[in-house]
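Undergrad: Count along the sequence shown from 1, add 65, and you get the number used in this note's numbering.
Treat each hint with caution, since some may be false.
As the list claims (entries may be wrong) - Pairs of lysine-lysine, DSBU-like flavour, derived with a Cα cap of 35 Å: (1) K153 - K185; (2) K185 - K203; (3) K116 - K185; (4) K203 - K153; (5) K104 - K185; (6) K104 - K153; (7) K104 - K203; (8) K116 - K104; (9) K116 - K153; (10) K116 - K203.
It is worth saying that the hints were derived from the structure and are not from the lab. Since this is a predicted model, take the numbers as computed values, not measurements.
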Amino acid sequence: MTADKPIDVDVNAELQRRLSRIYSDMRDPKHYFKNLPCKIEDFAEGWVRLKFEITPNLCNYRGIASGGVLAAFCDTLMGMASRTLGYKVTTLEINMNYIRRVNSGESLNGVGQVVHHGGKTIVVECECFNEQGAVVVKGRSSFYIIGML
Numbered sequence: 066m067t068a069d070k071p072i073d074v075d076v077n078a079e080l081q082r083r084l085s086r087i088y089s090d091m092r093d094p095k096h097y098f099k100n101l102p103c104k105i106e107d108f109a110e111g112w113v114r115l116k117f118e119i120t121p122n123l124c125n126y127r128g129i130a131s132g133g134v135l136a137a138f139c140d141t142l143m144g145m146a147s148r149t150l151g152y153k154v155t156t157l158e159i160n161m162n163y164i165r166r167v168n169s170g171e172s173l174n175g176v177g178q179v180v181h182h183g184g185k186t187i188v189v190e191c192e193c194f195n196e197q198g199a200v201v202v203k204g205r206s207s208f209y210i211i212g213m214l
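Between the sequences and the hints, there should be enough to build the whole structure, so can you do that?
TA: Dropping the structure here:
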């Protein structure tokens, strides 16, 4: 998987509507997403790139981003990638690989891409890169399709 945007993908009005709705839902004050300082950088069908700011309140006492926070970011990233296909989904399982530490004040660029789209499930992979372009976290998740957006 690379951080490059897939080629030959038509970003149409329907896809933009889906992503706009997802982003709006993320900012609803009653959802936990409002506490994740992330921003949509780019997207296509089955693919999304987010920027994530590591603030002090997301770190442990040593100033290092909590693994749980990074997992939540990756879950959000991969869920958004699956939602670009037009589905409401819920996470079935998630696997995380923490490769490098992330310090308070740093930002991450995360890329999520659908790698399998079945009848009832979607599998997505993600990679998160630090400001120097090094991979710091990798994730893989399976989602259950519960309906259409």
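Undergrad: It remains to establish, for every hint, whether it holds in the given structure.
TA: Hint-by-hint comparison with the structure:
1. A C-alpha spacing of about 11 Å is found between K153 and K185, which places the hinted pair at or below 35 Å, so the restraint holds.
2. Restraint check: the Cα-Cα separation between K185 and K203 comes to about 24 Å, which is no more than 35 Å; the hinted pair holds.
3. In summary, the hint linking K116 to K185 is supported, as the alpha carbons are separated by about 29 Å, within the 35 Å threshold.
4. Between K203 and K153 the CA atoms are separated by roughly 23 Å; this keeps the pair inside 35 Å, and the hint holds.
5. Annotation: proposed proximity of K104 to K185 holds, straight-line Cα distance about 28 Å (limit 35 Å).
6. Our distance criterion of 35 Å between C-alpha atoms is met by K104 and K153, whose separation comes to about 20 Å.
7. Between K104 and K203, the direct Cα distance comes to roughly 19 Å. Compliance with the 35 Å bound is thereby established for this hinted pair.
8. Restraint check for K116 and K104: the C-alpha separation of about 5 Å stays at or below 35 Å, so the hint holds.
9. Between K116 and K153, the direct Cα distance comes to roughly 22 Å. Compliance with the 35 Å bound is thereby established for this hinted pair.
10. For the suggested pair K116 and K203, the alpha carbons sit about 15 Å apart, so the restraint of at most 35 Å is met.
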